[in-house]
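Chemist: Now for the letters of each chain:
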Amino acid sequence: MKYQSIKIYFSILVITIVSCSKKVENRTDNLPALNPSSIDINAGSWKTILLKRPDTFAVAIPLAVNNVNYVAELNEIKGLQKSVTPEQNDNIKYWAAGGVLRWNELMRELVAKYNIPPYQNADGTYPIPSSANPFAYPLFPFSNPPYAARAYAYIAAAQYDALVACWYYKNLYSRPAPYKTDASIVAKIPATSLPSYPSEAAVLAGVTAEMMKLLFPTEIGAIQLKAQAHEEAAIISGSATRSDVAAGETLGRQIAQVFIARARTDNAGKAVGTPVDWANFVTITAAKGEIPWISLDNPKRPGMLPFFGRVTPFLFDTATVRALVPPPPPSTSSDQMKTELAEVYNYTNHPTLENQQLVLFWGDGVGTYTPPGHWNTIAAEDFISRNFSEVKWARNMALLNMSLMDAGIVCWNTKYTYFNPRPSQLNPAIKTLTGLPNFPSYISGHSTFSGAAATILGYLNPDRAAAYTQMANDASKSRLVGGLHYQSDCTVGLTVGSNVAQFAITRAKADGAN
Amino acid sequence: MNLLNSNKLLLIVMGIVFSITSLYAQTDQDAIMMNKNLFCTGLTYNTNSWNKYWEGTNLRDNLNIGTISTNEISIMGNYGVKDNLNILFNAPYVSTKASAGVLHAMSGIQDFSAWVKWMPIEKELKHGTFSLYLLGGASLPMTNYIVDFLPLSIGLKSSTVSGRLMLDYQLGKFFVTGSETYTVRGNTKLERNSYYTTSLYLTNEVSMPDVNTISLRTGFRSNWLIAEAIITDMKTLGGFDISKNNMPFPSNKMNATSIAANFKYEIQKVKGLSLVGGASHVIAGRNVGQSTGYYGGLFYILDFSKKKSTKETTNNSSSQNK
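Which chain is which? The protein sequence lines are H and W, in order.
Residue 449 in the working numbering sits at position 461 of the first sequence, and the numbers go up by one each step.
So the number in the working numbering is just where the residue sits in the second sequence, counting from 1, plus 350.
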């Protein structure tokens, strides 16, 4: 009968779709264990960022490998390895892909989670997240792009300095890994000749957990659990003993304090400004005969972090920030501005599907890990196949993220120097293909971040330099065709970002890691 | 006959908006069959809008979007393979826009859907008639439209498969129909390659929770007029809430309880021509718009049977043909 064959057909269709797994796999779910092509045993001599010396914080001489107390630590590992649970194995596998990589992913997750603009008060003003009261709405922080760029940079820079110090002591004390000392301990990750004291996993766990107290205070508990998991993986995998971990975590936390002290005085705390400051931007811009930026949020929201441009950069001094700020944008009354405005309108009036996809691919707006997070993803996923040591990973991520943060500083300085209106302000018929950011137009943040990232990544990974340039151009173009920016914002942004990253390249050439 | 149904309900929008089009007369949702070799086809226009939505369970407005309105034109068809076996399809063009803010309007051809509708049991009781229906449906995106632009995306671009059990009882001109529908939703793909739900994902693929819908309808049903009231409860089995002041996301937990009224009128003077119309309103929800919608449509029945004359039906509870 006909309907029976139809029934059969539909049964097959239902079974096919139901049996298709709905589980979504992440690109980094099933990575092989990190197996460095070089252990970089001399990384203790690499140039640190804030630490004056790699041995600023003393690490005690470890017990000899035949000391009875050390033997007891080895016995602990042997006991643990006798009954490893599937969860413990998964945990080892997860962290074995690379500590710097995993902590970077966890940072990106936190940034995405907290990147939500506060809801307005009943009177149309907006509450400001407070680090003194982080659990009250709006939760602290609002990890918008400048906040995120700075957070990524502090974490990456602190991890780098901490690992340089870690490597210094590894080389100094040369305590072999447990699996080297005791043949009955299984190396559940690739065995190397890297000394185990202090544990690099614990250094990373300690320095990152400590930094989080400042950057994501509501997440301290969850982060502490991750830190413990990272350390447990190091022990059960046979690569570190209890004393390797204890020394590493202490060292990491001490070094974090140096970065926290800097962060408390880097002017980020003053980046919000006051209503008087906000009004001043309008007055100053109007006095120059230019149309000042107006928030297109409803109710009108104060511009995002107006004084982030005064935050102390990592790669150069504040005088250099001013030198890197580009010349003004085309006057709001100029013919060039009219031409550029018309160009934006033409792109958005009847957008192509291809352009819409480009805009959303690079959108990195509310609820995402931001453009700096996107470039961390690009870098991390490229570095996976490069077989860097943990310390080399940290060095490269620090160079990337210091470039991104400093690019953000110069970009924000430029934005609030010129206070230039967005295309949709000058022509309300311009509708955007992704959310319109709430800060002035010139220069494009996406372009500046991308110019910086592509430049430093092209230096660190020359095989991919052309691809990075193409990605930066795409990210930049997405802001023009999406109706967020004029061509000038994008072109100049790319150049300024690249100029910032030159300072990172200069540093990289001389840091001893090449 | 309109094929819009509960999955459609979701597909139409980000769940924030959605049109309660599941409620039209003579559709995959109702206990009416086309007789063998008859083909009913037509167009409907559907409009709905909302200016408040549930952010999780909190009903709020949003001055940056104002009122979101969705308009849809659908072409539909229902073919009688046998008197108790029909095939139905629907193909919509959808456009959306926001009355405030700067976000761009969207439009495009959305998802094709089809149902097989089978009535294995139709039983005359001492009082009235009881019938049982089994339906299987599927939907497939027809174009590569934008997903990651909620609440203005025209759909969620997820392929679906649905199964439905429907029971109908008619006594004289009055009827009551109850149905339950389970919809399996395939993964959708975003235009970006990373996203955050309640954790970070490094992929463009989004796992979509399934949906279960229960519907109850009752009213007057004769050969030339149907007037009915409907209550529908749609639940997403999984998914997560929109966090405060965040953007909506395709795999949000979208629940909605809606009420609607419908009519279908057979124009006596033109054989085979009928008018449909109705209104609907979401009375409770979660991560969806508090939408109100209206629709109207025109249908015509073509006879492909060998003998030219169409069969005249009696007061059959479950066969609607002219």
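Everything labelled a hint here was simulated from the structure, so no lab data went into it.
Check each hint, because a few of them may be wrong.
Taking CB as the label site, the calculated pair distances span [claimed, not checked]:
{"#": "1", "chain 1": "H", "residue 1": "282", "chain 2": "W", "residue 2": "587", "range": "51 to 61 Å"}
{"#": "2", "chain 1": "W", "residue 1": "587", "chain 2": "H", "residue 2": "453", "range": "27 to 37 Å"}
{"#": "3", "chain 1": "W", "residue 1": "411", "chain 2": "H", "residue 2": "119", "range": "38 to 48 Å"}
For lysine-lysine, the following BS3-like pairs were computed, each having C-alpha atoms within a straight-line distance of at most 27 Å [as the list claims (entries may be wrong)]:
{"#": "4", "chain 1": "H", "residue 1": "11", "chain 2": "W", "residue 2": "476"}
{"#": "5", "chain 1": "H", "residue 1": "258", "chain 2": "W", "residue 2": "447"}
{"#": "6", "chain 1": "H", "residue 1": "419", "chain 2": "W", "residue 2": "585"}
{"#": "7", "chain 1": "H", "residue 1": "419", "chain 2": "W", "residue 2": "473"}
{"#": "8", "chain 1": "H", "residue 1": "201", "chain 2": "H", "residue 2": "66"}
{"#": "9", "chain 1": "W", "residue 1": "603", "chain 2": "H", "residue 2": "10"}
{"#": "10", "chain 1": "H", "residue 1": "201", "chain 2": "W", "residue 2": "594"}
{"#": "11", "chain 1": "W", "residue 1": "447", "chain 2": "H", "residue 2": "11"}
Heads up, the beta-carbon is just placed ideally off N, CA and C, and yes, glycines get one too.
Chemist: Can you name, in rising order, the numbers of the hints this structure does not satisfy?
Modeler: 1, 2, 3, 4, 5, 6, 7, 8 and 11
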